[in-house]
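**Q** Chains as they are written, first to last, in this note's numbering: chain A, 1 to 113; chain B, 114 to 227.
Honestly, the hints are just simulated from the structure, not real lab data. Note that beta-carbon positions come from the ideal geometry of N, C-alpha and C, so glycine has one too. Each hint should be verified, as a subset may be incorrect.
[What the hints assert, rightly or not] Partial chain B-side listing against chain A, Cβ under 7 Å, derived:
| no. | residue |
| --- | --- |
| 1 | Tyr145 |
| 2 | Phe159 |
| 3 | Phe178 |
| 4 | Ser206 |
| 5 | Gly212 |
| 6 | Asn213 |
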Amino acid sequence: KAGVTQTPRYLIKTRGQQVTLSCSPISGHRSVSWYQQTPGQGLQFLFEYFSETQRNKGNFPGRFSGRQFSNSRSEMNVSTLELGDSALYLCASSADAHSYEQYFGPGTRLTVT
Amino acid sequence: DQQVKQNSPSLSVQEGRISILNCDYTNSMFDYLLWYKKYPAEGPTFLISISSIKDKNEDGRFTVFLNKSAKHLSLHIVPSQPGDSAVYFCAASARNNAGNMLTFGGGTRLMVKP
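Bound conformation, chain A alone:
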């Protein structure tokens, strides 16, 4: 089985712009979670989708949003980028509705200048 894939792998944006990141979960997995990793804050939960519905949301401003499609692929969007949004954005998929084991993609490294 192919693993979790994320595109693009690297991205450079300017402050004030918006960005969309994409995640394809492992085939058959219906839950997709997003995490932000920064040196100072570690891995922080952004949100989780299951069957196109957002079930959990972390403590991030409304500039961070996401969605999930019927094929379980997910996108996250960050609007009005700030320098502090520079981070590694990780997507993880789980097999079912209540699975504690998550499989991570390689991440998208976003740099905001």
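Model the placement of chain B on the given structure of chain A, informed by the hints.
**A** Positioned in the frame of chain A, the structure of chain B alone reads:
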């Protein structure tokens, strides 16, 4: 308010010796505790987990111990190998979640010297 803490940012161990990584948590509602391993430029990979009703789980060279009364988790790697050099994150899953959400510690960088 960090619910999961790894107080040691780094650990250096000689090859063949035991590596012990520690993690403390505050939320008694966590029902599964997990360890993930992360190499540079890769996403975290699941290593081992333990249910909150158990005190030990073993998988090859990796053993996780849970002291529920102290809310303390540890990962033992015996014997340590240079390929184990990575950042290790402990994570916790809460019983009352609507879905799949993990709370991570800040990570411990393990360096195993040949």
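**Q** Now tell me if each hint is right for this structure.
**A** We went through each hint and held it up to the structure:
Given the 7 Å rule on beta carbons, the hint for tyrosine 145 of chain B holds: about 4 Å separates it from the nearest Cβ of chain A. Here the hint on phenylalanine 159 of chain B is kept, as its CB sits about 6 Å from the closest CB of chain A, short of 7 Å. At its closest, the beta carbon of phenylalanine 178 of chain B sits 18 Å from a beta carbon of chain A; the interface hint therefore is violated under the 7 Å criterion. The interface hint given for serine 206 of chain B holds, since its Cβ lies 4 Å from the closest Cβ of chain A, which is under the 7 Å cut-off.
The criterion of a C-beta within 7 Å of any C-beta in chain A is met by glycine 212 of chain B, whose closest approach is roughly 4 Å, and the hint holds. Hint status for asparagine 213 of chain B relative to chain A: holds, with the closest Cβ pair at about 5 Å, below 7 Å.
When each numbered hint is compared with the structure, a violation occurs for hint 3 only.
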